[in-house]
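Asks: Model the full assembly from the supplied sequences, consistent with the hints where possible.
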Amino acid sequence: MKFKLGSRWLENRDEVTKLLQRVLDESGSSDKYLFEVGEGITIFKEGEPLNNIYILLEGEVQLYKKKPYNDVQFPLQHLQAGSLIGIISFMTGLPSLTTAKTHEPCRFLRIPKKDVNHLIDLHPELDSYLDELIMANLLERYRQTIILQMKLDSVNSKLQNERNELKQAYKDLQNAQKALVHQEKMATLGQLVAGFAHEVNNPTAALLRSTDSLERQLVQFMDQQSEGEDSALTDTGKQFFKLGREIGFPDTKTIRERSERVKRALPVLKNSQIRIIAQMPEGYEELLQKVTDGNQEEIGYLLDQFEFGKMFQNIETAGERIAGLVKSLKSYSRSDSEERYEWIDIREGIHDTLQLTSNRIKYYDLYLDLPEVPKIRADAAGLNQVWTNIILNASDAMGKKGSLDIRCGVSDERIWVSVTDSGPGISEDYLEKIFDPKFTTKVSGAKFGLGLGLSISLDIIKQHGGEIQVVNADEGGARFTVILPVDPKLTPASR
Amino acid sequence: MKTKIYILVVEDEPEVLDSIVRDITEFEEQFVVEMADTAEEAEELIDSIITEEKGLIGLILCDHVLPGKNGVELLVEMQNREETRPTRKVLITGQAGLEETVKAVNEADLKHYIAKPWEKNELVSITKKLLTDFVIERVDDPLPYMKVLDSERIAESLRTGRKLTDR
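From first to last, the protein sequence lines stand for chains A and B.
Using numbering that gives the first Met the number 0, the first residue of the first sequence is number 0, and each one after it goes up by one.
Using numbering that gives the first Met the number 0, the first residue of the second sequence is number 0, and each one after it goes up by one.
If you are wondering where the hints come from, they were derived from the structure by calculation, not from laboratory data.
No residue lacks a Cβ here, since even glycine has one placed at the ideal position from N, Cα and C.
Check before you lean on any hint, since a few could be wrong.
What the hints assert, rightly or not - For the chain B half of the interface with chain A, some residues (derived, Cβ under 7 Å), not all of them: (1) P13; (2) E14; (3) T24; (4) E27; (5) M34; (6) A35; (7) P66; (8) E99.
Replies: Structure below.
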């Protein structure tokens with residue numbers, strides 16, 4: 000097939016349509032097909048049978064297709080002057096696939112289908128013209144489709160990029176939110192701790208004071224009771240009370256071994272009494288025997304005195320432990336201080352932290368080498384969080400048994416603190432990542448495990464213009480070293 | 000001489016150990032109280048009670064958080080040993096998590112969980128109930144124990160001539 004006219008149409012539509020118009024004019028029928036409409040007029044509708052073929056002489060036409068599921072008209076192709084419209088319907092005889100609407104005032108040749116054959120009879124050359132034109136129109140539309148597909152592809156990849164960026168942004172936001180929630184939690188916890196410490200202090204003080212008074216009054220009372228009685232016995236009683244008041248607890252194995260000997264010395268006593276005597280230093284079984292001459296009642300009296308003393312000691316020890324914990328809590332959370340940055344001795348914070356994490360570390364061998372170092376200007380509560388994170392991580396890594404080696408010192412006018420554990424160390428793959436937010440090796444359900452501990456620690460240290468390093472120690476185990484300038488104001492914060 | 004029945008108390012803090020033992024001292028008339036501050040020591044003790052003293056361990060009151068092996072591990076081991084399977088097992092703790100407690104119930108037939116701080120009455124009544132169970136189940140002549148244990152239940156078991164469970 001020759002495609003001269005078609006090629007020409009692709010280059011210059013006007014000329015070809017004019018040629019067509021001229022051919023029609025020659026038979027004097029052009030006017031009867033001429034058809035002019037204004038802007039925004041629907042020429043034909045999707046789904047309706049189409050009885051004409053349109054040749055657009057002037058103006059522009061937009062083709063629309065209905066979207067499935069909703070009736071929104073989706074713009075397809077924009078047809079310029081010279082285009083044939085209704086080709087597919089013309090060729091297949093099926094209802095129109097699209098809706099055509101004028102985009103501006105237009106002029107068409109509207110040729111009814113039934114006239115086409117008649118026209119071709121009149122002008123035989125029209126047959127091949129039409130073929131070529133239809134072909135050229137379809138080519139043009141095909142080209143448009145290819146362009147559209149390429150556009151679609153580039154839009155798709157742009158969308159994909161945007162989606163990835165959004166994903167990343169969402170992730171960042173989530174991390175930021177977690178960090179914020181964590182900070183908020185710590186702040187709330189700080190306030191709670193301050194209130195708690197204050198509230199616990201009062202009953203603890205009352206407990207300790209009352210015990211003290213009770214003890215004095217009891218001693219007085221016993222003195223009065225014993226007036227005129229066997230003063231040798233009551234004097235020994237006081238001695239036993241004092242012994243119980245001050246004696247340290249032997250371990251259970253020692254008590255058991257001592258019990259055997261006490262039993263041989265005083266076989267008539269009850270097991271419960273023997274166990275009490277076994278807590279006394281060597282030789283007391285003989286003293287008891289000597290003072291009481293084996294009198295059961297008197298032995299019972301003396302043992303009661305010893306137990307009284309021990310109970311007072313227990314109450315006092317327990318009370319002092321509570322008071323000590325409360326003090327550590329207060330100083331750990333810095334609930335008393337107004338300023339965030341103060342001149343502090345970092346060793347105090349380390350001691351507070353050790354005290355407060357004692358339930359996790361109490362079975363570790365603890366090596367402390369904390370010589371005096373210059374005070375530094377720092378956020379004490381923040382640093383305490385850092386020590387806590389490092390120590391609890393070490394504890395998670397070591398499990399129940401292990402050792403912690405904590406040292407500090409000065410070098411290049413900066414303070415360093417190192418914490419070395421005897422755990423398995425950190426895999427080389429992880430060394431770089433452990434300060435990333437959300438990096439965690441702990442399975443869920445671990446005790447602290449937000450995965451934020453070390454990244455928050457890093458933030459805190461950076462705010463101080465310091466740095467934190469982690470290596471695997473030569474002896475195995477991980478070593479965290481925190482290096483802090485004496486005054487962060489004098490050091491530009493590293494970010 | 001009749002077989003001695005032991006009460007084992009395992010607790011690493013001496014003050015707490017002292018208080019527990021003091022609270023249950025009324026049972027010492029008929030039972031022997033032994034103390035251990037680690038699970039490992041408790042195991043040695045169990046060995047010597049069973050092999051040397053030929054005694055029975057009626058009850059163990061055990062802390063969970065201990066240096067070395069923890070309380071639940073000790074209880075599970077006891078459950079897996081024939082001589083200590085009938086021993087009534089109690090945790091006295093402030094720190095056993097749900098998972099560990101579930102393990103103790105499922106694998107060590109835990110009879111009771113006492114949270115710290117405990118009340119003396121609670122500790123005594125649980126001790127009495129569990130030792131009574133043990134004595135009815137394991138002892139041929141429970142008569143001497145009536146004084147310190149639940150005398151009604153022991154009398155009832157003597158009257159019906161039936162043990163708590165058929166051995």
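Asks: Hint by hint, note whether the structure agrees.
Replies: Cross-check of the supplied hints:
1. P13: holds (3 Å)
2. E14: Hint on E14/B: holds, closest Cβ of chain A at ~5 Å, below 7 Å.
3. T24: With a closest approach of 5 Å, the T24/B hint holds.
4. E27: Result: holds, 5 Å to nearest chain A Cβ.
5. M34: Check passed: Cβ of M34/B comes within 4 Å of chain A, closer than 7 Å.
6. A35: holds (5 Å)
7. P66: holds (4 Å)
8. E99: violated (12 Å)
Violated hints amount to a single one, hint 8; each of the other numbered hints is respected by the structure.
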